[in-house]
Amino acid sequence: MKINQIAWSAVFCICWTLLGCAKQNEQKTTNTTENTSETSKASATQDSPAKKTTKPASKDKPNLFLEFTITGGELDGQTFKAGLKYSASDQTTYEKGQPTSLEFSRAVVEGTKLEIDFECSWNGEITKGSRTMVQPGGKLVIRNVGKDPKYKFERLYINFKALTMELTEVGDWMPRASNKKLIYAGQGKVTAATAEAFTSRFAKRPASVSTVAFKYRARAIQY
Numbered sequence: 001m002k003i004n005q006i007a008w009s010a011v012f013c014i015c016w017t018l019l020g021c022a023k024q025n026e027q028k029t030t031n032t033t034e035n036t037s038e039t040s041k042a043s044a045t046q047d048s049p050a051k052k053t054t055k056p057a058s059k060d061k062p063n064l065f066l067e068f069t070i071t072g073g074e075l076d077g078q079t080f081k082a083g084l085k086y087s088a089s090d091q092t093t094y095e096k097g098q099p100t101s102l103e104f105s106r107a108v109v110e111g112t113k114l115e116i117d118f119e120c121s122w123n124g125e126i127t128k129g130s131r132t133m134v135q136p137g138g139k140l141v142i143r144n145v146g147k148d149p150k151y152k153f154e155r156l157y158i159n160f161k162a163l164t165m166e167l168t169e170v171g172d173w174m175p176r177a178s179n180k181k182l183i184y185a186g187q188g189k190v191t192a193a194t195a196e197a198f199t200s201r202f203a204k205r206p207a208s209v210s211t212v213a214f215k216y217r218a219r220a221i222q223y
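In this note's numbering, the protein residues as written are 1 to 223.
What the hints contain is simulated information worked out from the structure, not anything from laboratory work. Don't take each hint at face value.
Okay, derived cross-link-like pairs now, DSBU-like style, lysine-lysine, Cα gap no bigger than 30 Å in a straight line [said to hold, decoys possible]:
#1 Lys189 <-> Lys215
#2 Lys85 <-> Lys152
#3 Lys96 <-> Lys61
#4 Lys147 <-> Lys85
#5 Lys180 <-> Lys128
#6 Lys128 <-> Lys81
Now the in silico label distances, taken between C-beta atoms and shown as ranges [as the list claims (entries may be wrong)]:
#7 Trp173 <-> Gly77: 37 to 45 Å
#8 Gly77 <-> Gln187: 13 to 21 Å
#9 Pro99 <-> Gly72: 37 to 45 Å
#10 Ala213 <-> Asp172: 22 to 30 Å
For glycine and all other residues, C-beta sits at the position ideal for the given N, C-alpha and C.
Produce the complete structure using the sequences and hints provided.
In structure tokens, the structure reads:
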């Protein structure tokens, strides 16, 4: 009799132990599932960041640039494009009774170690149509600021002798605190020019250029 009781007690203990283990395993499985679910949600949140909204280009602040192609001389057939800034160093200035001056300074040429200065002037307002350069002329200066060995000069000066230009797009004048501004675009061609190259600060050598074709979008200020 005692043996049977002992046997049943042992069986009961074994069953109770197995039941407890089963519950523990079930709890672990539940916890693992919940943790996996939470991890997946967190991962999904990280992998799917909030959508970035790209602001459209402002009509009042489009990209400004100067692009030019040289024929003749050591840069024959090469095209350069420089981004322009919304600043006094890169703008056209119009004042009634004075020549309208277009001037870009230290504009960085894309994909190179070059900087450029470009300037010329004409008589009249900033409106669509053709323009003739005011003498004694304008100039294009190419500066090899990064000392790129591809270019055999420190500075290349191209002095304009004859230039024709067409203003193709002209925006509306927008009032500011002390002046007005607009964005306009144009294109033109230097049909006669002289050139000289500086290999150091004072040392220079002969250079040549036949023509310079250019186009641009720039800011103009009216005083």
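Quick rundown of the hints versus the structure:
1. In summary, the hint linking Lys189 to Lys215 is supported, as the alpha carbons are separated by about 9 Å, within the 30 Å threshold.
2. Annotation: proposed proximity of Lys85 to Lys152 holds, straight-line Cα distance about 28 Å (limit 30 Å).
3. Taking the CA atoms of Lys96 and Lys61, the gap is near 25 Å; set against the 30 Å cutoff, the hint holds.
4. For the proposed pair Lys147 and Lys85, the alpha carbon gap of about 23 Å is at most 30 Å, so the pair holds.
5. Proposed proximity of Lys180 and Lys128 is supported: the alpha carbons are some 18 Å apart, at most 30 Å.
6. This hinted pair checks out: Lys128 and Lys81 have alpha carbons roughly 23 Å apart, not beyond 30 Å.
7. Restraint check, Trp173 to Gly77: a C-beta distance of roughly 39 Å satisfies the suggested window 37 to 45 Å.
8. For the pair Gly77 and Gln187, the beta carbons lie near 18 Å from each other, so the given range of 13 to 21 Å is met.
9. Distance hint for Pro99 and Gly72: a CB-CB separation of about 28 Å, inconsistent with the stated range 37 to 45 Å.
10. For Ala213 paired with Asp172, a C-beta distance near 28 Å keeps the hint of 22 to 30 Å intact.
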